[in-house]
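Visitor: Each chain is listed here by its residues.
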Amino acid sequence: DVKVTQSSRYLVKRTGEKVFLECVQDMDHENMFWYRQDPGLGLRLIYFSYDVKMKEKGDIPEGYSVSREKKERFSLILESASTNQTSMYLCASSPTWEGAETQYFGPGTRLLVL
Amino acid sequence: AQTVTQSQPEMSVQEAETVTLSCTYDTSESNYYLFWYKQPPSRQMILVIRQEAYKQQNATENRFSVNFQKAAKSFSLKISDSQLGDTAMYFCAFVPRTDSWGKLQFGAGTQVVVTP
Chain G
1 DVKVTQSSRY LVKRTGEKVF LECVQDMDHE NMFWYRQDPG LGLRLIYFSY DVKMKEKGDI
61 PEGYSVSREK KERFSLILES ASTNQTSMYL CASSPTWEGA ETQYFGPGTR LLVL
Chain D
1 AQTVTQSQPE MSVQEAETVT LSCTYDTSES NYYLFWYKQP PSRQMILVIR QEAYKQQNAT
61 ENRFSVNFQK AAKSFSLKIS DSQLGDTAMY FCAFVPRTDS WGKLQFGAGT QVVVTP
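Line by line, the protein sequences give chains G and D.
Following my numbering, the numbering of the first sequence begins with 1 at its first residue and continues without gaps.
Following my numbering, the numbering of the second sequence begins with 1 at its first residue and continues without gaps.
One chain only, chain G, in its complex shape:
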């Protein structure tokens, strides 16, 4: 079974702190994604990566950056956390896109910024 893990289930941070959310997948997938999930808005793509050190902006990249130094690990970075970044963050991975590939999700990190 594909496994996608995220470093924390719950996280509480202060405004202005630098926050790292880590995601690891064990299926040698090329693609990895970071989403944020908010009530009434569904999932929105923040950033994705299609290879090591390669990244592309999603729909809502402002205030975030990412890092992918190894194929299995994809990190989401909040350079200076703000209260409007309080949300659920979901990581996903998938094989190289050839059509209809399933994205496999991690359990999510619920981040509260005070």
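To be clear, the hints were calculated from the coordinates, so they are not data collected in a lab.
Beta carbons: idealized from backbone N, C-alpha and C, even for Gly.
A few of these clues could be false.
[Unchecked claim] Listed below are the simulated DSS-like cross-link pairs for lysine-lysine, each with C-alpha atoms no more than 25 Å apart in a straight line: (1) 55(G) <-> 103(D); (2) 71(G) <-> 53(G); (3) 70(D) <-> 103(D); (4) 103(D) <-> 73(D); (5) 55(G) <-> 3(G); (6) 55(G) <-> 71(G); (7) 103(D) <-> 53(G); (8) 3(G) <-> 53(G); (9) 53(G) <-> 18(G); (10) 70(G) <-> 3(G); (11) 70(G) <-> 103(D); (12) 70(G) <-> 57(G); (13) 103(D) <-> 57(G); (14) 103(D) <-> 71(G); (15) 103(D) <-> 3(G).
[Unchecked claim] Simulated restraints, written as ranges between beta carbons of each label pair: (16) 95(G) <-> 14(D): 38 to 46 Å; (17) 16(D) <-> 40(G): 27 to 35 Å; (18) 57(G) <-> 15(D): 43 to 51 Å.
Please arrange chain D on chain G, whose structure you already have, making use of the hints.
Guide: This is chain D only, laid out in the frame that chain G set:
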């Protein structure tokens, strides 16, 4: 740009009954894929069913089936013989075949509550 609309924020159904969730999408693409994902209270998002737009036959996975109406841009999910474990948030998602990396566009979700 593609948009995915789920017009029912919440639905309640009794065990063993059937519930249908609606999803509409807007696109100018002719070849694309549609998905239904389920997110139970544990928060682990899992794929329920997928449909390829060029296939006429509606996809089915056990108690889950879809009604895909390409001309109407509609992709509804039917859950038959509902079970308590079906209680979850359900998301409809879309990706055009032309997308190089399979980036999904999600709807806002429908919360399904199955009651005894």
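Visitor: Hints broken by the structure, by number, lowest first?
Guide: Violated hints: none; all satisfied.
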